[in-house]
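> Below, each chain spelled out in residue letters.
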Amino acid sequence: MSLVGEERAKNKRGIWGWLNPYHYNLERWAYTFQRVTGVAVLLYLLGHLGDTSFFVGGPTGTGPSSSSWSFIGSIFENSFGHLILVLVVLVLTFHGVNGIRLILSEFGLIMKKPSGIEYPYRPKSLGSVQKSLVWVAIAAAVVAALWTYLVLFEGMG
Amino acid sequence: MVETSRHDILIVGSGIAGLRAAIEAARISNGKLDIAVITKVQAMRAHSVSAEGGTAAVLYPELGDSLESHMFDTVKGSDYLADQDAVERFVKEMPGEIYQLEHWGLPWSRREDGRIAQRNFGGYTYPRATYAEDKVGFFEMQTLYDTATKYGNISFYQEWFVTSILADGGEFKGVTAIERKSGNFSQILAKAGIIATGGSGRLYSFATYAYSSTPDGMAAAYRAGIPLKDMEFIQFHPSGLIPSGILITEAVRGEGGVLVNKDGERFMKKYAPNKLDLASRDVVSRAMMTEIEEGRGMKDDASGLDYLNLDLSPIGGQKIKERLSQIREIAIKFRGIDPVEAPLPVRPVCHYVMGGIDTDIDGATKLKGLWAAGEAACVSINGANRLGANSTAECLVWGKITGGEAAKYAAARPQASVPGELSALEEKRIFDGIFHGKGGTNPYEVRDALQKEMAKDAFVFRTGDGLSQALRTIRELKQKDFLHCEDKSRVYNTNLSDVLEVEGMLAVAEVVVAGALARTESRGAHFRRDYPGRDDKNWLKHTLAYAGPDGPRLDYSTVAITKYQPAERHY
Amino acid sequence: MSEFKLAVQRFDPLTDAKPRLAEYTVPMREGMTVLDALLYARDYLDHSIALRFSCRQASCGSCGMKINGRPRLACYTQVEELGGEKVVAQPLDNFAIVKDLVTDLESFFTKHKQLMPYVLRSDAQELDHPTAEYLMKPEELKKVLQFTYCIKCGLCTSACPTVAMDVKFPGPQAMAQAYRYLMDERDEGGEKRLEALDTAHGVWRCHFAGSCSFVCPKGVDPALGIQLLRRHVLSGKAPRKQGEGAKVWSAPAGSTK
Amino acid sequence: MKESRLMLIQYATAVLALALVAAHLIMQGVILPYDTAISFNNILSIYQNWIYAGFLEALLVVVLVHGFNGLRIILHEWRQTAPWSRWVDLGTVAAVAVAVGYGTRTVILAVFGGVSG
Ligand SMILES: Cc1cc2nc3c(=O)[nH]c(=O)nc-3n(C[C@H](O)[C@H](O)[C@H](O)COP(=O)(O)OP(=O)(O)OC[C@H]3O[C@@H](n4cnc5c(N)ncnc54)[C@H](O)[C@@H]3O)c2cc1C
Ligand code: HEM
Ligand code: SF4
Ligand code: F3S
Ligand code: FES
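Chains as they are written, first to last, in my numbering: chain A, 197 to 353; chain B, 21 to 591; chain C, 243 to 499; chain D, 429 to 545.
Among the hints, a few may not be true.
[Stated by the list, open to error] Computed cross-link-like contacts, DSS-like style, restricted to lysine-lysine with a CA-CA straight-line distance of at most 25 Å: (1) Lys498/B / Lys320/A; (2) Lys428/B / Lys201/B; (3) Lys309/A / Lys320/A; (4) Lys260/C / Lys170/B; (5) Lys319/B / Lys341/B; (6) Lys328/C / Lys385/C; (7) Lys309/A / Lys434/C; (8) Lys385/C / Lys201/B; (9) Lys384/C / Lys341/B; (10) Lys260/C / Lys355/C; (11) Lys208/A / Lys434/C; (12) Lys583/B / Lys479/C; (13) Lys434/C / Lys353/C; (14) Lys448/B / Lys428/B; (15) Lys170/B / Lys479/C; (16) Lys260/C / Lys320/A; (17) Lys379/C / Lys489/C; (18) Lys500/B / Lys458/B; (19) Lys170/B / Lys410/C; (20) Lys206/A / Lys479/C; (21) Lys379/C / Lys309/A; (22) Lys308/A / Lys320/A; (23) Lys309/A / Lys483/C; (24) Lys479/C / Lys208/A; (25) Lys410/C / Lys308/A; (26) Lys379/C / Lys341/B; (27) Lys434/C / Lys430/D; (28) Lys328/C / Lys355/C; (29) Lys309/A / Lys410/C; (30) Lys260/C / Lys206/A; (31) Lys385/C / Lys309/A; (32) Lys247/C / Lys385/C; (33) Lys428/B / Lys458/B; (34) Lys309/A / Lys384/C; (35) Lys201/B / Lys353/C; (36) Lys309/A / Lys327/A.
[As the list claims (entries may be wrong)] A partial selection of chain C residues facing chain D, derived with a Cβ cut-off under 10 Å: (37) Gln251; (38) Arg252; (39) Pro261; (40) Arg262.
Don't read these hints as lab results, they were simulated from the structure. Glycine residues also receive a C-beta, built at the ideal position from the N, C-alpha and C atoms.
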């Protein structure tokens, strides 16, 4: 058979299906954010490796150099740079706290044990514990980001 | 040239009977025979998944039950039309089958001591229905399907629609089939064949059956010259849920549920003072229709159907949730009623065909090399009325027997070959006749008209006049120009197979009605208002219908009576 | 009589370059399911609509499709419960489209088979020639019962984000069944099962997105089974070894059977 | 390596990262005002404290292993051809090695390098 719409016939959602939680459950949204934030923080971290190296004079440097370091400061010590930091803290805190939820769940520690079920079915794995922990991760992320905002923009801390 | 593939054994149908046969053949042959299962739906989707209440077997002789008792109840339930040698073999084989499924992983419900639990069912003297909640057929299918994946020599043709049986020189040679996915037409040859295509309940629209339960397998056998036996006996189950016809299992009454009429009266007291709601199904269904006809039923406004109430409150909420979980789920989802809180509206519904492809006690048909098993076959252990929980059981036993017989036969045979014109003719019939055919009548409307007629004149109560009318209608419908296909694509063309199904339905409906018209007595599920009594002198015999140029030619055969002489039935 | 709009995704790979939505007007009736609506359209409006169905009571698993964006069983979804919106029926994601609403589940069945969905025992003779039942207490049964409710409809696997990309991932259905057989008191093949799951595309590719359990119509909760499975895979310890499975019942001394 | 070992690493590094990252953030903004924390002199004093320097090196290794292993997982789920899988595994090891090497160079130079203006 030669198919006209061969690609379409494959019907794999691909990256989009992977990243798009629309129509699905809260945990699915958390899954997407866990991935995105993981990669985002990794990217930030790589950048951070670059900028911290300016403390020792950058890629070709040989030791602590205050002029090189203040060059970096002149790039990042502004509202835009601070905003990035606030975002990083937001994203990282969500990833970290949600990560703890995942570890506990994936080791079966906060999973209810299977037993008889009754209609209407409510999956035990998606119970209130999971839902509240996702909200805890979101709340923690917001609080941490706010705190960072206060520290950076209002000079607290 | 028609595409050809070859196997040693070909099993048509992947229900409980077909899968059990496949596993038995695979096991007996020790990996040597090449076994194929062909099914028009995906293998796991066979109608058998809908069976709910139980599978009968004698497991607890220490509690008083006995093989004799199971045998007697079955024969009595059949209104003495069952072949008693077959019933005897059946009850002996059954306990082993329950243990076999258990060993293969079936989650039978258990007693506190860890042994398999059993419950009451209609028409039985002891609690004998082995159950797994109320999803018995589903779990049996799952267990058999999963176990079948263990055998490397079982292959599946999933979603291949069998259109005809190939026979040459009085021997089975194979089948012709259409692969749904590609629309290709092939012949699949085999040394031995087993027809396990299930029942034909979709002759009625208010039916507990899956939509796929159309009589194409029976029709194919019929066209191949094999007689259909006892087709006039169609079981109407007392409790089909309004308005969908989904089954509310007899286990509900087995566990203590009761039928009540408009006045809240437990009317079964009048009709079966001893067994009450657990009398055999023909008795209960007739009682219900009588209540309805005498004005003690209720009417569902949306569907226009009359009904009675099935009250589950005597069972108790906890037990309903544990043992009848699926019933509760279905009632809530499809009717918006939680049976823990309110009664369910039910009425008699087409549920089972006692008749089928004529076979001997080994399941062999009159065509050499071809067996039939399960609901498609008529061995007959069900006679004029099947007892609940005996059908899945029959599928298991004759699945096993025919699988074994076919394996022995195939091991000693050369590979099949068949004259090419046979399938070329069939291909012409389907593609020139239907796929490219012309016509103005919507085949689905023909189907609707047939179902309406069957519900009107071939239901619980029948009359000579009504049946004659039904025969006329069916013959008119056969003349209509519905043999054409609006869907012009070869890929997954259900329109084409639907037309083929309707064609088979008309042929088999004609057999049902002709047999019923001829049988001037009332026996089991077949009740003639104009002949209300059983007539053993003239009618203690099986009906055999052969395909003829102008409809079925009827013949009769004797009933094997070994231990129990016909007696009047009381419940 | 009131009516509603039913949009069906149509696609025949032989003639169509891409799918399109076709709209049908269907008369509403009380208790109508999406399957009823589709069959109405197929029988009376357009015979060429391809779809799968059989039992119409959520037992057979045929009628899985995407309804208003989410995988559901057509026979188990009431038109009313969709809240008066237009009803949009599309094939399940992540399985190749055969035609219209029909998808190819071959890979799905194969993966189920690959994880050995049958009882493995050391007593081969007893397994195929039983003398009585293996004893199993109701509590023990309850540990696996909900996983046995799986009707192989494929909704969970279609919904899983890993499945959207990873073609080697067994998917939630197959893994939930692996857990069911692993935990079944009668099974003695645990070690083999765990090994089959501990691969680069095995159980670890589940990230507990939970969509499988979210869409499962039968309460199977595959996500629960998979999370509990991981602990066993991590430790490599099966719940039972060869010869430790449930024992065959035997009649107490002095009884007749 | 068995996938279960790799996942054990992923979980272990996650838990460690949580502790280390939290400590790092606290030191950067809570203990001292942010401006003071990132001043050249303060950072210098951190590096010259062996414990602090060790802490930063540990943070570096843990977070990189965790991050790149996470990326490896994503990439494995993305494509499944045999060469792709092999390159992803090799690439992950290489990336972790390079990044850890580069970060470690910063730490070593900060500890042992001569201070310039
Ligand atoms: C709702 C309901 C509840 C029931 N409950 C019970 C119960 O509790 N206890 C009990 O004992 N019995 C019960 N029964 C009866 C019992 O379920 C059936 O008799 C039995 O399952 C029939 O099984 P089978 O293997 O013969 O065929 P089926 O399961 O009907 O399978 C038929 C097979 O044939 C295939 N097929 C058909 N036509 C073709 C074709 N043209 N080409 C290719 N393949 C084809 C189909 O694809 C399918 O695989 C119940 C029946 C119903 C309707
Ligand atoms: C702060 C403490 C952290 C915790 C508790 C944590 C936890 C986790 C967990 C449990 C996972 C696995 C998710 C799964 O497989 O289901 C994960 C994945 C991941 N993490 Fe972290 N993490 C942390 C910090 C980081 C940091 C700093 C980075 C960046 C370098 C990072 C990058 C990633 C990446 C890329 C993934 C892969 C995403 C995925 O598999 O879905 N994580 N994290
Ligand atoms: S687990 Fe649920 S959703 Fe998945 S196949 Fe089984 S029944 Fe369908
Ligand atoms: S949706 Fe997929 S990621 Fe896991 S929890 Fe279910 S298998
Ligand atoms: S038709 Fe069987 S599950 Fe919907």
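> It remains to establish, for every hint, whether it holds in the given structure.
Hint check:
In summary, the hint linking Lys498/B to Lys320/A is not supported, as the alpha carbons are separated by about 54 Å, beyond the 25 Å threshold. At most 25 Å may separate the alpha-carbon atoms for a hinted pair to count; Lys428/B and Lys201/B exceed this at roughly 33 Å. For the proposed pair Lys309/A and Lys320/A, the alpha carbon gap of about 8 Å is at most 25 Å, so the pair holds. Restraint check for Lys260/C and Lys170/B: the C-alpha separation of about 39 Å exceeds 25 Å, so the hint is violated.
Of the pairs offered as hints, the one joining Lys319/B and Lys341/B is violated, with about 28 Å between alpha carbons and a cut-off of 25 Å exceeded. Proximity of Lys328/C to Lys385/C is assessed by CA-CA distance (about 41 Å); at most 25 Å being required, the pair is judged violated. Among the hinted pairs, Lys309/A with Lys434/C is consistent with the structure: their alpha-carbon atoms are about 24 Å apart, no more than 25 Å. Restraint check for Lys385/C and Lys201/B: not satisfied, since their Cα atoms lie roughly 39 Å apart, outside the 25 Å limit.
Restraint check: the Cα-Cα separation between Lys384/C and Lys341/B comes to about 14 Å, which is no more than 25 Å; the hinted pair holds. With a C-alpha separation of about 32 Å, the suggested pair Lys260/C and Lys355/C falls outside the 25 Å cut-off, and the hint is violated. Between Lys208/A and Lys434/C the CA atoms are separated by roughly 31 Å; this puts the pair beyond 25 Å, and the hint is violated. Of the pairs offered as hints, the one joining Lys583/B and Lys479/C is violated, with about 57 Å between alpha carbons and a cut-off of 25 Å exceeded.
Straight-line distance between C-alpha atoms of Lys434/C and Lys353/C comes to about 16 Å, which keeps the hinted pair within the 25 Å bound. Between Lys448/B and Lys428/B the CA atoms are separated by roughly 35 Å; this puts the pair beyond 25 Å, and the hint is violated. A threshold of 25 Å between alpha carbons decides the hint, and for Lys170/B with Lys479/C the separation of about 24 Å falls inside it, so the pair holds. The suggested pairing of Lys260/C with Lys320/A is violated, with an alpha-carbon distance near 39 Å, which exceeds 25 Å.
With a CA separation close to 11 Å, the supplied pair Lys379/C and Lys489/C stays within the 25 Å bound. Of the pairs offered as hints, the one joining Lys500/B and Lys458/B holds, with about 11 Å between alpha carbons and a cut-off of 25 Å not exceeded. A threshold of 25 Å between alpha carbons decides the hint, and for Lys170/B with Lys410/C the separation of about 21 Å falls inside it, so the pair holds. Pair hint Lys206/A plus Lys479/C does not hold up; C-alpha atoms about 39 Å apart against a cutoff of 25 Å.
Distance restraint check for Lys379/C and Lys309/A: the Cα-Cα separation of roughly 17 Å lies within the 25 Å cut-off, and the hinted pair is therefore satisfied. For the given pair, Lys308/A sits about 6 Å from Lys320/A by alpha-carbon distance, which is consistent with the 25 Å threshold. Only pairs whose Cα atoms come within 25 Å are accepted, and Lys309/A paired with Lys483/C is accepted, the gap being roughly 22 Å. Between the alpha carbons of Lys479/C and Lys208/A the distance comes to roughly 35 Å, so the proposed pair goes past 25 Å and is violated.
Straight-line distance between C-alpha atoms of Lys410/C and Lys308/A comes to about 29 Å, which puts the hinted pair past the 25 Å bound. For a cut-off of 25 Å, the pair hint linking Lys379/C to Lys341/B stands: about 19 Å separates their Cα positions. For the hint pairing Lys434/C with Lys430/D, the CA-to-CA distance comes to about 15 Å; that is within 25 Å, so the pair holds. A hinted pair counts as satisfied when its Cα atoms are at most 25 Å apart, and Lys328/C with Lys355/C does not qualify at roughly 38 Å.
Between Lys309/A and Lys410/C, the direct Cα distance comes to roughly 28 Å. Violation of the 25 Å bound is thereby established for this hinted pair. Between the alpha carbons of Lys260/C and Lys206/A the distance comes to roughly 11 Å, so the proposed pair stays at or under 25 Å and holds. This hinted pair checks out: Lys385/C and Lys309/A have alpha carbons roughly 8 Å apart, not beyond 25 Å. At roughly 44 Å between alpha-carbon atoms, Lys247/C and Lys385/C are farther apart than 25 Å, so this suggested pair is violated.
Taking the CA atoms of Lys428/B and Lys458/B, the gap is about 46 Å. The hint is violated against a cut of 25 Å. Taking the CA atoms of Lys309/A and Lys384/C, the gap is about 10 Å. The hint holds against a cut of 25 Å. Among the hinted pairs, Lys201/B with Lys353/C is consistent with the structure: their alpha-carbon atoms are about 20 Å apart, no more than 25 Å. A distance of roughly 18 Å separates the Cα atoms of Lys309/A and Lys327/A; the hinted pair therefore holds under the 25 Å criterion.
Here the hint on Gln251/C is broken, as its CB sits about 27 Å from the closest CB of chain D, past 10 Å. Interface restraint check for Arg252/C: the shortest CB-CB distance to chain D comes to about 31 Å, outside 10 Å, so the restraint is violated. For Pro261/C, the interface hint is violated, the least distance from its beta-carbon to any beta-carbon of chain D being 25 Å, above 10 Å. This hint is violated: Arg262/C has a C-beta 30 Å from the nearest C-beta of chain D, more than the 10 Å allowed.
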